[in-house]
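We have chain A already, so just place chain B on it with the hints.
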Amino acid sequence: MQKLSRRSLLKSTAATAAAVSLPTGGLFSFGDTALAAEDRPFFLFVTIPDGMDSSYLFDARPLALTAAGIKSNYLGEEPVIWEGRNGQKTLATALTASLKPFRDDFSVLNGVVMAASFDGHNQNLNFLLTGNPFGGDSFIPHLNKLDPRGERRTPLDAVQTGRLFAEISNDDASLPLSPREARALVTRLAAVDPLATDDPVYLAIANRFRANEGGQGRFSKAASLMRDGFGSAPRLAAMLRGMELPPERDPQDTSGAFDDSLAIVASLFKAGTTRSAVVEVRPDAEPNQFALLDTHSADAARRSGAMIGSVAAKVARIFGMLKATPTSDGRSLFDRTVILVASEFSRTMRQTSFKIDQTGTDHNPLTNSVLIGGAGIKGGLVLGESDTQTVDETPTGAHLALDRSHLMIMGRPFDFATMRPSLTRPNEYHAGEYLSFASVANTIYRRFGIEDGKHFTLERNGPAAPVISALLA
Amino acid sequence: MKTLIYATTVSCAFAAGCGRKQPKTPTNEAPPEPVDVVVEVVPEEIPLANVEADGPNEGIANFRGFAVVQDLLRSRLVAVDAADAFDLGRYLDSPNLFRIEGLPALLGVQTGDGVTSGFRNGKANALSMALWHLTTQGVAEEAAAMACAPETVEAPEPELIVIGGMVFGERPAPEPVVYADGLLDELRTLCAGDTAALGAVWDRVISADAPQEERDAYLADFSGGGVAAAVTAAGGVRAARSALAAAMMNPHFLIRK
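Heads up: the protein sequence lines correspond to chains A and B, in order.
Everything in the first sequence is counted per my numbering, starting at 9 for the first residue and increasing by one.
Everything in the second sequence is counted per my numbering, starting at 378 for the first residue and increasing by one.
These are computed hints drawn from the structure, not numbers from a lab.
Bear in mind that the values here come from a model prediction, so they are computed numbers and not experimental data.
A virtual CB, placed ideally from N, CA and C, is assigned to each residue, including glycine.
Check each hint, because a few of them may be wrong.
With a cut-off of at most 25 angstroms between alpha-carbon atoms, the simulated DSS-like pairs for lysine-lysine come out as follows [to be verified]:
id	chain 1	residue 1	chain 2	residue 2
1	A	Lys278	A	Lys386
2	A	Lys462	A	Lys386
3	A	Lys462	B	Lys500
4	A	Lys229	B	Lys500
5	A	Lys322	A	Lys278
6	A	Lys108	A	Lys386
7	B	Lys500	B	Lys634
8	A	Lys229	B	Lys634
9	A	Lys97	A	Lys108
10	A	Lys153	A	Lys462
11	A	Lys278	A	Lys153
12	B	Lys500	A	Lys153
Only part of the chain B face toward chain A is listed, based on derived beta-carbon distances under 8 angstroms [said to hold, decoys possible]:
id	residue
13	Ile437
14	Ser452
15	Ala459
16	Val486
17	Gly495
18	Arg497
19	Lys500
20	Ser600
21	Ser619
Residues on chain B that point at chain A, a partial pick, calculated with CB under 10 angstroms [claimed, not checked]:
id	residue
22	Asn439
23	Leu449
24	Leu450
25	Leu469
26	Trp509
27	Gly542
28	Asp562
29	Ala594
30	Val604
31	Pro628
Bound-form chain B, shown alone:
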């Protein structure tokens, strides 16, 4: 879209500049005869592929990546003394054993060794956005249920040991995630249909990663006459889950700056 605007502007500029070019002259001199302008295209040594400045990987920020997002959520949402139990891969049925692989690797991962080392899968597409949705919904649902309907929370089950896509056995059920007391209080407020905790939820997830106007927009969307205000007003687990998930899906949280 920006390219279209730029190119259109450039085209208009050229259009405005084309045609008869009359230099400024002192008023006591007769203007020169009009000159027909011939537009000559000058070939440049630039491959056609560079006509558009945006290549698939040029000048586009990456996702923070699965590992960083996991660490951020662990530090911001989970109780301090229970941080180790939080494994973001579980929400994609791919708990991290030795390395990030499988579905989590599609959300941005540092991989390879030496000359092949690099950050992969850092650009959004339909698949990664669907997986981020799954991941954030999984975390938000679990936290909201623990806050507002703990009787519905099922105990963790034993997990498969999967390495390189192959199943090598099973390991005991992990410890359940213990979310920070402050978060659970905020979610309970939202479950009661009270929007007072929206700002606190945003601040907990986003911290200082986003500008003030982004926070204001989030509050506007989920309260008053905002697009999702009815969801928040209805309360219940859905209200808490939606508010928390939407904060985690914000580009300022997911994209590395």
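The following block holds chain A by itself, in its conformation from the complex:
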């Protein structure tokens, strides 16, 4: 009996299949027509840097906690109930007013646990993007791939209008593109010889990639990648040159930069140039002030209301822009885009040794609020909950194990079967019992049809974090 190994058999059949399906042109197809034919949406990550206090928006607390010296609150107003279409409720401040017109378009996730063992900005941003506090592959570029080694569906994985200070190892097709950078790039592209596949110099250069790719080693494989990339570069360069640019501004004039960023993102989405965009939303600064949501000082914490109010207003403008931008298939950009709004963590209730009306706030990775909505995501829901809702509530053993002084609010255990907060009071912290950002990322993966093998796990070699099935339409 003659035996073939499975590996060699699969190799030969895979090669046969590859021979049939090899692309004849560049590595990807793009353009509005191609994108309209597929159901994969765009992805917009609205990042709010420096750790925004979620209790100033959709995870508010009654003033009784402030009166009892438990939680600082410089708004000085009682929050109101915000009820989801699924019957779950949360408390929301008046700062959410700008988002009310869109309440059916996004869902609120509260009590989202970030990197529970790390309280640094970078570590939690790493955890948000890669599932690992030390960084790695971000989930955002994966949304542009058909499979782990598949083609990119758009030439760029993402554009970023701000900087993500995270350790990302797969952002080689993510383009930093603030309005200033976009204008500079377009100007440069217009000033040099255009990349043209029928240009003799282009051909001379491309010849050398082809000539060097035939070998067996690492250099030849690199030359092959250069040939592929150079083959697709003319089309990408043309798309970038064709970007709709907003009017030029003084580089230090940041007042219109936000709207300019949105305009660029919308332009690139419509042209099919990028799959994803990362838009940074910073609070407006008062005159002679530097607005930072990292409110360690009492002075900064007192400005939380104004700062977070301006952030909420900008998020509302993003929703409005997406809904008002039509696509060629008769829908709006909102219908074609999954939107995620998140900061890297929330804030502590207070600091030790300070009076409740003279305290700043520190980092709190044990809870976070996330807004999510758009294409294929159910809006209008409230999911998850955080603890310390009343003066009398005592923290669980699991909470105190991570926060002995009870300075933080922590997400409650979450029942993924019922999609509701669990009533259990665990004595020990186990990540799988809580709503973690890993579940948010995996839900986005599922929406984009990314196979489970890529999903974030909650521990090394552990199972994937559960998908938040209630969010998927």
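Positioned in the frame of chain A, the structure of chain B alone reads:
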């Protein structure tokens, strides 16, 4: 492509080997009865993902990286006593202040600290190739213009101070780049439509980084009946710029071996 050839060869080999297997026998013995061959697939403990040997980051050389290319060009193209003025980031509107970030970081950069330290963005894609094109064209255009049309060269302008993507002000205009006299002479020769300096341009950029056949191919492409010969023959700034840029875009220059 190599995988396809390999797999096809393997398939043909198996095809050739399949079927009746007749052992060699001495001529004075009757051959054995033919035996039906049954092919049985034996499962192996190898994940399907390893069917293809080439992963996205397995066994593929990286770019040299932005910093190394900058240093090479600085040492090979720029006048010795003016080397500090050369900042490759300027050709992507991202002058290096404290570290490589922004567009230059997409061309290969060592980044991170401790366990997160690594070389990033070292593999070519459409974006990095477009950016290398921009960068090399910027350098080549400036050098060619200085050699052949210095009256068209504009003085450097004040630069924005950009850190972490945020603008923190402006700094005075940098000193203009001073290219090596030898390079300028070679480019002037090319501007005159004379291909005699092609080899010198190649040697200046590439030095000993590429094999002889690569140099021969470059000369063939840009002279005689080569694909870009008409560009060189026409002379002018374009001829000088194209020859210099093409040398800088050669894989033996950009890829770390």
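Verification of the supplied hints:
no. : hint                  : result
1   : Lys278(A) / Lys386(A) : 23 angstroms, holds
2   : Lys462(A) / Lys386(A) : 23 angstroms, holds
3   : Lys462(A) / Lys500(B) : 21 angstroms, holds
4   : Lys229(A) / Lys500(B) : 10 angstroms, holds
5   : Lys322(A) / Lys278(A) : 21 angstroms, holds
6   : Lys108(A) / Lys386(A) : 16 angstroms, holds
7   : Lys500(B) / Lys634(B) : 13 angstroms, holds
8   : Lys229(A) / Lys634(B) : 12 angstroms, holds
9   : Lys97(A) / Lys108(A)  : 15 angstroms, holds
10  : Lys153(A) / Lys462(A) : 11 angstroms, holds
11  : Lys278(A) / Lys153(A) : 19 angstroms, holds
12  : Lys500(B) / Lys153(A) : 16 angstroms, holds
13  : Ile437                : 4 angstroms, holds
14  : Ser452                : 22 angstroms, violated
15  : Ala459                : 24 angstroms, violated
16  : Val486                : 10 angstroms, violated
17  : Gly495                : 7 angstroms, holds
18  : Arg497                : 6 angstroms, holds
19  : Lys500                : 6 angstroms, holds
20  : Ser600                : 11 angstroms, violated
21  : Ser619                : 4 angstroms, holds
22  : Asn439                : 7 angstroms, holds
23  : Leu449                : 17 angstroms, violated
24  : Leu450                : 17 angstroms, violated
25  : Leu469                : 7 angstroms, holds
26  : Trp509                : 9 angstroms, holds
27  : Gly542                : 4 angstroms, holds
28  : Asp562                : 22 angstroms, violated
29  : Ala594                : 7 angstroms, holds
30  : Val604                : 5 angstroms, holds
31  : Pro628                : 5 angstroms, holds
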